Amino acid sequence: MFLLRYWPSALGIGLLLTWPMLARGDIYDQESRVQHIDRTIAALKSAGAENLIDLQNYIHTVDRNQCRSAHGDLQASCLVEAAQRNCDSRKGNPEAMEQCRLISDIIIVNKLGEKTFIDAETKYEIMRDHSDYRAALRKELLQRYAWLALAFGLSSHFIEDGDQLAAGIDGYCQHATGARSISWQYCVGAIVWFIRNP
Amino acid sequence: MIGAKTLSSLGLLIIVATLVWFRGAASLDYLQQLDPAVATLIGLFAALLGTLVVRFFGLNKKSVTRFRVTSKERRFDAEITFIDSLGGKITVGEDSTVAPADLPPAVQRLIYIAIFLGVGLMTLNNRTFALLGEFKTRLSASSSRFCEEAIQEPPPQGPEARGCALVQRAFELGYAKDLGACAPRENKDKNQELCTLRLSDEPYLHYAWRQLYDRGASVIQLFHRDNMVHFKEQLEHRVAHLDSLYSLQKAAVTASPRASHHLWTNLPHPRQAFLDHTRDYVVSGLCAAQNSTGADRMNLAQSGSSTSHLVEQSLGQLALSPSWQPTVGRCEEYVIHWGAPSNACEQLATNPIQFLVDSDVIEPIWRLLERYQTESELMELALIELPSSKGASNSPERIVSFQCFIEDELSEPQTTATSLFDIAGFQFQAVESRFRPFADGPGHAVEVYRQLAGLLATGFHYDSLASKKSLTHSIDPDSVKTLFTGSGFMLSRAEYLREMDLFLSNSWLAERPDLLEVYPYHLHLTNFVEVFRRHYRQQRGRL
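Line by line, the protein sequences are chains F and V.
Quick note on the working numbering: the first sequence kicks off at 222 and runs consecutively.
Quick note on the working numbering: the second sequence kicks off at 78 and runs consecutively.
Among the hints, a few may not be true.
[As the list claims (entries may be wrong)] Here are some chain F residues pointing at chain V (derived, C-beta under 7 Å):
{"id": "1", "residue": "A263"}
{"id": "2", "residue": "L265"}
{"id": "3", "residue": "A297"}
{"id": "4", "residue": "D326"}
{"id": "5", "residue": "T398"}
{"id": "6", "residue": "S402"}
Calculated from the structure, these hints are not laboratory results.
Note that the structure is predicted; figures quoted are calculated from it, not measured.
Cβ coordinates follow ideal geometry from the N, Cα and C atoms, glycine included.
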């Protein structure tokens, strides 16, 4: 009875208390990060190979054309905008739209992080030595991801329990920022992608 | 009557001990600078060789030959006189009837272990150990160096080469300043030196003989009369300054500090607990920063870090952390004087000697200035040379410095003052920086870094030109915060952080601990430290 009578007031006070948090947007706190990684792994696992290739091709095409830029942040915002437009076309199916956003996010971040994993000199050598250089670059990139995933697997952050995997990846990548000089998002992108495509 | 084995082992022990003593190989300074691996190797060398020699030569058994002190008249048949003097004689010989006095086998073994320990200390040091490690590489490198094949004649170049006609024409008409790649090439063989390395088709024995012959010729040349006269002059010159040379050599071998930089602050010691305080005597906070391998993150994300902690951490990272190379000094060369009076620099400038005595730092400063003077004198006499890596010569104010970092509630936001004073005829300056107590929160770490960097390297300034962020475009300051609100594309949006340098005007970022947890410190902190060190090396150096 008490709750029924006063629930609007309780809701109001609750909203008032949580508003500063929402307004500040603590979206990068540990809990949110782990949740995001967890959902991304699930989305990648449930996505069909065809869907994955489609999204990859779309992002790569946009990146090579309208989003080409020397500045990572401009490139990122352009790619995010394009991916959002693409995923919004699935509004009829909220689950598919969410899956599209999560997978696009990981594809974009891996695109942005390519330069960190393969330096210009190595890239040039690969392009010089292989006729199908895109396939060779993908293979090389996956090998680099494998090394990072192996380092994660050997670290104390790795716990085989499936529920703890996302937390482990987040913890390891935070550590990698300092110890391996690799940005958190690139590290997460590489490990999560490798889990889907070993 | 004493056994020959005992006497020889005792004699050897005395000789080796004397040599070790004179070479200073047993001094505490020398032992302290030994690498643990070298110390272990010396121990192994002594234990193995000592035991082997004792076993192999049967030194743990009774002596057959013995020495005897006797009067002139008495001498047995099976002995000969070893030393004959006025008071009596020492004879050496065999006597199966009486067993000579010998040390117990265990003591003999210990003596030989001690002898080889001394030999090890004299012959093995950090450098020889490193050379032993490189032996295999050097061996393969020396045998694999061959003279390069004669350079092939370059293909004909010039105006007749394809595509060069236009360049030649443009050059003739004055539209091009030079011919670039179309210019005729000079014959590189002109500048080639005579190659004395092994030829590709030269048999190894012939190469070895050639090497031996050349070395022999150079040795003969070395003993030529003119060279010997020159050598004698040089030696006499060096002997005349032996003390100075020895003191420099000793300072180098014992790795004594090559600089002395002091920072006085009225902030309390960062570790007040007794145990933490005691630990500082073993490994100071700065040395901990120097020895860490992954400490390239700041404490911004950790709430409750005191300003003292941040001062220690930032000095450690700015000057000593090996995460960024090269470092600008060693931790023993930097001292933070906690809990100093707020007018420390004023006291220092008024009465420098007394203040430094009270601060218990006068002795290392004297030693350093003495070493500087000795080094300068010897350099003037051409007895030592400045290492080419040092570039310019040092001056006292480069190797000894004094700074004060004072928290003052009444001061302007940040003020800096400089006072000049003399020590031993050298002029120094005490640079003081006063700051208001920082507000609580993670943001003040950036301020500590910036202010301390400005204090240590006068004139240091970090702006967008020095930053790694893009110069050609910038994100609108008003809209920047909205980039990290909302949901979706969390990983991609973290990319924006790479363009936001904490050390520039991004103070809002310090209020977002969630973003700082994923902040790319490896980009911006690295850049800040590297820019600082470049600036710092122009003002400060090491002997």
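| query | Is the hint on F/L265 kept, meaning its closest Cβ partner in chain V is under 7 Å away? | reply | violated (13 Å)
| query | Is the shortest C-beta separation between F/S402 and chain V less than 7 Å? | reply | At about 4 Å, which falls below the 7 Å cut-off, the nearest Cβ of chain V leaves the hint on F/S402 intact, so it holds.
| message | Given F/A263 as an interface hint, is its Cβ closer than 7 Å to any Cβ of chain V? | response | Result: violated, 15 Å to nearest chain V Cβ.
| said: Given a cut of 7 Å on the nearest C-beta pair, is the interface hint for F/A297 held or broken against chain V? | reply: Since chain V brings a Cβ to about 4 Å from F/A297, closer than 7 Å, the hint holds.
| Against chain V, with CB atoms and a cut of 7 Å, does the hint on F/T398 hold up? | The hint holds - F/T398 has a Cβ within 7 Å of chain V, the shortest such distance being about 6 Å.
| Is the hint on F/D326 kept, meaning its closest Cβ partner in chain V is under 7 Å away? | holds (5 Å)
This entry does not satisfy hints 1 and 2, going by the numbered hints stated previously.
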